[in-house]
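J.: Construct the complete structure from the given sequences, taking the supplied hints into account.
Spelled out, the chains give:
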Amino acid sequence: MITQDELERYDRQIMIRGIGKAGQEKLKQAKVVIAGGGGLGSPSSIYLAAAGVGTIRIVDHDVVELSNLNRQILHWDKDIGRNKVESAAEKLSQLNRNVRIEPVEATIDENNVSVIVAGFDVIVDAMDNLPTRFLLNRAAIEHNIPFVHGAVFGLEGRVMTIIPGKTACLRCLYRGFTPQAKFPVIGVTPAVIGCIQATEVIKYITGTGKLLTNRMLVYDGLKMKITELSAKRNPDCEDCGKSRGER
Amino acid sequence: MSVKINIPSYLMPYTDDAEAVETDGSTVGQCIDNLIKQFPGLKKMVFDKKGNLLDYVSIYADGDFVYGDGLTRPVKDGDELHLFYVIGGG
Numbered sequence: 001m002i003t004q005d006e007l008e009r010y011d012r013q014i015m016i017r018g019i020g021k022a023g024q025e026k027l028k029q030a031k032v033v034i035a036g037g038g039g040l041g042s043p044s045s046i047y048l049a050a051a052g053v054g055t056i057r058i059v060d061h062d063v064v065e066l067s068n069l070n071r072q073i074l075h076w077d078k079d080i081g082r083n084k085v086e087s088a089a090e091k092l093s094q095l096n097r098n099v100r101i102e103p104v105e106a107t108i109d110e111n112n113v114s115v116i117v118a119g120f121d122v123i124v125d126a127m128d129n130l131p132t133r134f135l136l137n138r139a140a141i142e143h144n145i146p147f148v149h150g151a152v153f154g155l156e157g158r159v160m161t162i163i164p165g166k167t168a169c170l171r172c173l174y175r176g177f178t179p180q181a182k183f184p185v186i187g188v189t190p191a192v193i194g195c196i197q198a199t200e201v202i203k204y205i206t207g208t209g210k211l212l213t214n215r216m217l218v219y220d221g222l223k224m225k226i227t228e229l230s231a232k233r234n235p236d237c238e239d240c241g242k243s244r245g246e247r
Numbered sequence: 001m002s003v004k005i006n007i008p009s010y011l012m013p014y015t016d017d018a019e020a021v022e023t024d025g026s027t028v029g030q031c032i033d034n035l036i037k038q039f040p041g042l043k044k045m046v047f048d049k050k051g052n053l054l055d056y057v058s059i060y061a062d063g064d065f066v067y068g069d070g071l072t073r074p075v076k077d078g079d080e081l082h083l084f085y086v087i088g089g090g
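Sequence lines, in order, name chains D and Z. Quick note: the first sequence, position 187, residue 187 per the working numbering, numbers continuous. Quick note: the second sequence, position 23, residue 23 per the working numbering, numbers continuous.
Where hints are given, some of them may not hold.
Listed next, the stretches of chain Z that the computed footprint assigns to chain D, with coverage defined by at least 3 CB atoms under 8 angstroms from CB atoms of chain D [to be verified]: (1) 51 to 57; (2) 61 to 67; (3) 82 to 90.
A short list of chain D residues far from chain Z (calculated; beta carbon distances all over 12 angstroms) [as the list claims (entries may be wrong)]: (4) E25; (5) W76; (6) N98.
Derived from the structure by calculation, the hints contain no laboratory data. Just so it is clear, the structure is predicted and the values come from calculations on it, not from any experiment. Glycine included, each C-beta is placed from N, C-alpha and C at the ideal position.
T.: Have a look at this one:
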């Protein structure tokens, strides 16, 4: 039940058609897991916490380094050397005392991915590498949990929302891995992409608007151009195709 | 047949900063070959040493992401393609 304090805190967003008090209650009851507490995880978690998502689990295995600070805005100079999830939990809890933050210090792998995402309503893909994104994509499909993909490179970014069993998944579109290497990025790019991911999560939870499903948003900050590419389910997809069974 | 290929910013250093390039061909593969002919430096970013399209590169054509096994897909005059590559940074 929304309290008087929460009614005041969320007053402006409760005014939004499609959210209202009912939507705010849904946000309060929602559980979102954010895989990655870095460039994308920072803005997405900040805005989901500010919006009043009731439970946010944030997963990362890294410690804060000086070279993270140009983009990972949850972490500050004073946090260098701290676990990212500890640093993130501190800031997010201070931002909104009504939100339960669950920091999970872990490297997401085949053995723990199911445990990490099970029981959550939405997964935010805020990883920094493709192999783990593909693991999460598969886990999302297996657990029937919506999955909001986001990725960045330089001044470019991508976002797509996946509703398991219904819409194109990451593996329907992507086949191979880019060579693992340090990638260029400036903070404004994950800021844009992470905020779009958070928007998708809020829309999904409140059941409002039109999700970014079966279409990939391609953001090019250098050209300041947003392109939408339609996406189709691949019947032979190794993650969601018929050979793995409809869920 | 004239087909426009949109170039992502990441690959524009290989196309003399052209955002889009007019190519000639009747299949996706022919258009890509024509693009490479105009900008040979792009080849290493798109094809492997054996001449196969890299598996993290695709060409978005009329609603589909076309990979190395789909380069014979026909195109028509005025079509617009997008050179697309997988990104994973976060």
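J.: Each of the hints needs a verdict: does it hold here or not?
T.: Taking the hints in turn, this is what the structure says about them:
1. 51 to 57: Held - the region 51 to 57 of chain Z has 3 residues with a Cβ nearer than 8 angstroms to chain D, which meets the minimum of three.
2. 61 to 67: With 4 residues close enough to chain D, the hint holds.
3. 82 to 90: Satisfied; 8 residues make the cut.
4. E25: The claim holds: E25(D) sits with its nearest Cβ about 31 angstroms from chain Z, beyond 12 angstroms.
5. W76: Given that every Cβ of chain Z is farther than 12 angstroms from that of W76(D), nearest at about 19 angstroms, it holds.
6. N98: Label holds. Min Cβ-Cβ 27 angstroms, cutoff 12 angstroms.
The structure agrees with every numbered hint stated previously.
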